[in-house]
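> Line by line, the protein sequences are chains A and B.
Mapping of the first sequence onto the working numbering: position 147 corresponds to residue 147, and the numbering continues sequentially without gaps.
Mapping of the second sequence onto the working numbering: position 157 corresponds to residue 157, and the numbering continues sequentially without gaps.
This list has only true hints and no planted wrong ones.
Where chain A lies over chain B, by a calculated footprint (3+ residues, C-beta under 8 Å):
no., segment
1, 86-96
2, 118-127
3, 147-160
4, 165-171
5, 208-219
6, 241-247
In short, the hints are calculated from the structure, not lab data.
All C-beta atoms, glycine included, are put in the ideal place defined by N, C-alpha and C.
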Amino acid sequence: MSILVLAEHHDGALAGATAHVVAAAQAIGGDIDVLVAGENVGAIAEAAAKLDGVSKVRVADNAAYAHLLAEPTAALIAELAGDYSHVLACASTTGKNVLPRVAALKDVAQISEIIAVESADTFKRPIYAGNAIATVQSEDALKVITVRTTGFDAVGEGGSAAVEAVDFVADNAQSTFVKEELAQSDRPELGAAKVVISGGRGMGNGDNFKLLDGIADKLGAAIGASRAAVDAGFVPNDMQVGQTGKIVAPDLYIAVGISGAIQHLAGMKDSKVIVAINKDEEAPIFQVADYGLVADLFEALPELEQKL
Amino acid sequence: MKVLVAVKRVIDYNVKIRVKPDNSDVDLTNVKMAMNPFCEIAVEEAVRLKERGVATEIVAVTVGPKAAQEQLRTALALGADRAIHVETDERVESLGAAKALAKLVEEEQPGLVILGKQAIDTDNNQTGQMLAALTGLPQGTFASEVVIDNDKAQVTREIDGGLQTVELSLPAIVTTDLRLNEPRYAKLPDIMKAKKKPMDVKSPAELGVEVASKVKLLRVEPPAERQGGVKVGSVDELVDKLKNEAKVIS
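Chain A with its partners taken away, still in its complex shape (with noise of 0.2 Å):
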């Protein structure tokens, strides 16, 4: 069996959900190869030629991979795919935009967000927004998966894989960049962050969220939120916290004005620790939560600033 992983990469770093979708990839067994696609990669190709066990990172180095677009990304990977017995990209809005295109390309299913690995051709992944785990076998001969990074440990860096250029060049007359804003934050990214601090309804509106900061900046956090303060309007949606948005799964994740919606639970209720502030003690997210503290967050938030 080879795997092909596809790299995760942002500004010119490789992206460190890379680690735990080549740790998914060990899981399954055999030769593991990774794919940088973009457009001057050469720095990110090295650093994914370091992670552990990797046999080789191949690289497409070419304008038209730029951004990852689906349409040049997934003919690329297609074109690979005949080498290989699985392809595995984590499930960020790139893998889930690429891989599901490579598989019907292929005319084989897709699996998406797997947690677990039981065999080489079965795999687990939650359904109904996390309500239930489903096990599921794949009859196809190959295997395109997407990974739930928080569902796998990354892996070290002490490899050194070798590294070789990719000649194919998907042509895409179909598709072009336009432009790109991304959020400004010098927080570490929500879906790699130690602990996790977000605000819900209950915050009562965007500058209030700024009542999180002090407590972040103290425990090195990121910030999130429920969909109900993102639809409100009070935060940006890339911080959002759910089957809609990020899933995360934290050491610590304090839900302060979040009553605990499915769709919110689904997002963080493989944290660690759990802490709810809430003045709702009937709140749902008291009945998932380790540490409950039913108080007006107005009031505990400057209080829990201070004690930290």
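Following the hints, put chain B in place on chain A, whose structure we already have.
This is chain B only, laid out in the frame that chain A set:
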């Protein structure tokens, strides 16, 4: 321009699901069903395109059991002009649905196809992308804004870290994210009128496609239950527990 909108009948998003005692699947008997929330957004976007004079006809389609006609009627009440039901009792997942939809795209020749980004039952997030691959069309996934300008679509996409805008040649496939729009409710007179709108029923065999899922569902189980937690009386107690009991902060 004709717009094709795909809708799916799923368990209502407010329902707390139950796993069957034999762990074969989730129990859907006597459970409230509804149109998938992302599909509602897709229908709404199509209707708004028609209201702006961009779309001339809206065709709502679904692949699934007979009961899914309820959701097609809902789409008709919201403003779709006619509906096509690909009827099957098979367990259909993304690839099968995409194959049936690809045949309908070939027959109907729409200028734009709108789907939801994912169904809240299987949580796959695949069908739109697969349909784009099978039809050879470009894709604008997780759309929070769609602007049609002559023969191009500018699609703003919700990506990790922010927003990305891409320009697609038409025809194209678009999948909706939550913030694309706020779906309207169907009004009673429109619900009555929808009963008279045309609905074609086709079988997968007539379309010449296999829709049954090739991924075997071996087992479904509830997720590990979290241990019941404790309520603390004060911020001091909370900080103490986090430091000394949970040891997650120092």
